[in-house]
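Chemist: Place chain C on chain G using the hints.
From first to last, the protein sequence lines stand for chains G and C. Numbering follows this note's numbering, in which position 124 of the first sequence is assigned residue number 201; successive positions increment by one, without gaps. Numbering follows this note's numbering, in which position 17 of the second sequence is assigned residue number 1264; successive positions increment by one, without gaps.
It is worth saying that the hints were derived from the structure and are not from the lab. Ideal Cβ positions, reconstructed from N, Cα and C, are used throughout, including at glycine. Check before you lean on any hint, since a few could be wrong.
Calculated Cβ distances over 12 Å to all of chain C for the following chain G residues [claimed, not checked]:
no., residue
1, H139
2, S209
3, N214
4, D220
5, W242
6, V254
7, T298
8, A315
9, W343
10, K434
11, P445
Covered by chain G, per the in silico footprint, the following chain C stretches (three or more residues, Cβ under 8 Å) [unchecked claim]:
no., stretch
12, 1384-1390
13, 1402-1413
14, 1422-1435
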Amino acid sequence: MRVWYFSENAYPYLPNGLDNLRVTLPNRLYDPKIGAALYSRYFDEWQLADEEGLDLMCNEHHQTAINLNPAAPLVMAVLARITKRARLLVLGNPIANRRDPVRVAEEMAMIDNYSRGRLEVGFVRGVPYEISAANANPMRTMDRLWEAHDLIVKAWTTHDAPFNWEGRYFQHRQVNVWPRPYQEPHPPVWITSITPSSMARIAEHGYTTATFLTGVGPTKTGFDAYRQRRHELDLPMAEDRLAYSGIVYVGDTDQEGFDGARKIMWVITHNLAALQFKIPPGYAPARARLQVMRGKAGLLHGLDTSIEALVDQGIAFAGNPDTVYRQIERHYRAVGGYGHLLMLGQSGFLEHDETEKGIRRFARDVYPRLKGLGTEPVREAQTAR
Amino acid sequence: MQVSLPGLDDVALDLSESGTGPPIVVLHGIEKLGTEPPLHALLARGGRVIAPAHPGFGGSLLPAWIDSIDDLSYLYLDLLDWLDLNDVILVGSSMGGWIAAEMAVKCCRRLSHLVLVSPFGIKVGDRETRDVPDIFALSPDEVSRLIWHDRARAPDIASLPDDAAEQLLRHQEAAALFLWEPYMHNPKLQRRLHRISVPTLVLRGEFDGLVSEANARAYCAGIPGASYAMLAGAGHVPEYERPADLAAHILGFAGLG
Chain G
78 MRVWYFSENA YPYLPNGLDN LRVTLPNRLY DPKIGAALYS RYFDEWQLAD
128 EEGLDLMCNE HHQTAINLNP AAPLVMAVLA RITKRARLLV LGNPIANRRD
178 PVRVAEEMAM IDNYSRGRLE VGFVRGVPYE ISAANANPMR TMDRLWEAHD
228 LIVKAWTTHD APFNWEGRYF QHRQVNVWPR PYQEPHPPVW ITSITPSSMA
278 RIAEHGYTTA TFLTGVGPTK TGFDAYRQRR HELDLPMAED RLAYSGIVYV
328 GDTDQEGFDG ARKIMWVITH NLAALQFKIP PGYAPARARL QVMRGKAGLL
378 HGLDTSIEAL VDQGIAFAGN PDTVYRQIER HYRAVGGYGH LLMLGQSGFL
428 EHDETEKGIR RFARDVYPRL KGLGTEPVRE AQTAR
Chain C
1248 MQVSLPGLDD VALDLSESGT GPPIVVLHGI EKLGTEPPLH ALLARGGRVI
1298 APAHPGFGGS LLPAWIDSID DLSYLYLDLL DWLDLNDVIL VGSSMGGWIA
1348 AEMAVKCCRR LSHLVLVSPF GIKVGDRETR DVPDIFALSP DEVSRLIWHD
1398 RARAPDIASL PDDAAEQLLR HQEAAALFLW EPYMHNPKLQ RRLHRISVPT
1448 LVLRGEFDGL VSEANARAYC AGIPGASYAM LAGAGHVPEY ERPADLAAHI
1498 LGFAGLG
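Same shape as in the complex, but just chain G (with noise of 0.2 Å):
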């Protein structure tokens, strides 16, 4: 298994009793000087887990506090100069609300250029608060997801001549990206999903697939849409393709490691987004509209959300390094099997020197045991078919 750690790049220093921090939550209550400070902060946290042999992630979301990063290439180019060893993420480019998808093929080849290929490309449909500060339509994103998709792929692997693009959701003349890719024939694709036919498209294509805090049940339903697809297909299967997000914690004790994951849970009991913004029409099927509107499904409907529950469910593994080795396996096996755990190793108030620790304690006394986890990766061809 290898780990990738991640930061959701928080600004949590906002007035108590907010209802809404996505979408219309005022920016005067961002101070430059803080946000600055944590900016640089969350750098050297990165450049930390890269030394400690960790694999690097980041995403990006808009106009909130929840994450800083509305621009994960830019995130991506600092990591490129600043680390050496790691493997980089971008989880991901919301290609569905990307105006221009063969600016972002640019973006990817440039940061695959920087770190001498070690770039990772996500593409996702992003959530949906994303919809309204992207200024998207919220209908048809998967079909305008797959054809950036298809323009980016086409772009970084055509290197004899310009061609021209006349799709039906995007245009584009003479494209011809300079530089190309580092890595041949491209960086490695990741696509987020977690409805069974989202992922049975994306085992079509070898693409990784990840799914973020979806405990046991949805994660392994996705992860078995994906695997069963591969197995239709006759295409060999490889844990490697499977990747999982988790909030993670290591302490010297259970105790340390429970506290440390309490701080980083502030990322799910804030995530607050007023209806209109967290579930837009079209976004998903009305039927599962229907139930979050009648108030009987959503993000943080009926989930205890004591840290005690969120590691019962496989949402967050958290305590001393037994501990959590033991957590994260229970749910490997659980899940069927994944190759990548997604470490969502700081949010919230956790402080510098806390989440050091934290990387530190899982980088040394976690990690090298979840080497072991799972099949061999296996690296054949993704194919843009």
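Modeler: Frame of chain G; chain C shown alone:
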């Protein structure tokens, strides 16, 4: 009744029809309830009412190639051809008013009268002021308040049976597809309104929270010879809130009253 149009095999329109006489084609707005609006029966006293559900609404399918008000305007021009309707009284409200206006600027050949009820479609305010409040950035309750003057008649997602509630949510999906951007308007439409060559009546509900009086009056001013009237006691949905008044205005304007 579900009908397919020749050459448009993936289009299946849910069409309701009642009455006899001069054709009155009614294009509904963003708020379409599960039951037939009382307006249709009232209009059927004066003519043959033909009311399609827009693709994605009611029982009409939403083919992958349809995604704009422009598409819907051509679809309904095709429908008029296919049904071979002449001297049509074309009535559109809300997004249906926008569709009707887009049809009329393209071709008035089959029309005798045009009635636009609280129509979307044009923008008269500055670039930092939305003409229509953003229904995709407001809570369901706030949107309901802007649409309905008589809140007691407004649908309540919380208490509707699942199937009926899901149907209304599918309508919101189709509305998002058609109305998202440019939001509730076609930047070109206002400069094309002069092409409308049939008698036109612009109506607006007195308490319409979506289409302002300034916007509705600008619509009217752009159409040669058009007249304007206010519907007392109605919000954005006079077809549900003041159907008798609305029917009287339409039939009177068309000389069928």
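Chemist: Confirm or reject: W242 (chain G) is not an interface residue toward chain C, with every Cβ-Cβ distance exceeding 12 Å.
Modeler: At about 19 Å from chain C, W242 (chain G) clears the 12 Å cut-off, so the statement holds.
Chemist: Closest CB-CB distance from W343 (chain G) to chain C, is it above 12 Å?
Modeler: 25 Å, holds
Chemist: Test coverage of the stretch 1402-1413 of chain C by chain G using CB-CB distances below 8 Å; three residues minimum.
Modeler: Three-residue rule met by the stretch 1402-1413 of chain C, so holds; n is 5.
Chemist: Are all C-beta atoms of chain C more than 12 Å from that of S209 (chain G)?
Modeler: 6 Å, violated
Chemist: Please settle this one: H139 (chain G) was flagged as non-interface, so is its CB more than 12 Å from every CB on chain C?
Modeler: 15 Å, holds
Chemist: Far enough from chain C: is every CB of that chain over 12 Å from the CB of T298 (chain G)?
Modeler: With a cut-off of 12 Å, T298 (chain G) remains clear of chain C, as the shortest Cβ separation is near 23 Å.
Chemist: Would you assess whether K434 (chain G), listed as outside the interface, keeps its beta-carbon beyond 12 Å of every beta-carbon in chain C?
Modeler: Consistent with the label, K434 (chain G) stays out of reach of chain C, its closest Cβ about 42 Å off (over 12 Å).
Chemist: Three residues minimum, CB to CB under 8 Å: does the stretch 1422-1435 of chain C make the cut for coverage by chain G? Let me know.
Modeler: Result for this restraint: holds, n = 5.
Chemist: Does P445 (chain G) sit more than 12 Å from chain C, CB to CB?
Modeler: Non-interface label on P445 (chain G) holds, nearest chain C Cβ at 49 Å vs cutoff 12 Å.
Chemist: Once the closest CB in chain C is found, is it more than 12 Å from D220 (chain G)?
Modeler: 8 Å, violated
Chemist: Does the claim that A315 (chain G) lies outside the interface with chain C hold up, using a Cβ gap greater than 12 Å?
Modeler: 34 Å, holds
Chemist: Would N214 (chain G) pass as off the interface with chain C, using Cβ distances and a cut of 12 Å?
Modeler: With a cut-off of 12 Å, N214 (chain G) comes too close to chain C, as the shortest Cβ separation is near 4 Å.
Consistency with the previously given hints fails for numbers 2, 3 and 4, ordered from lowest to highest.
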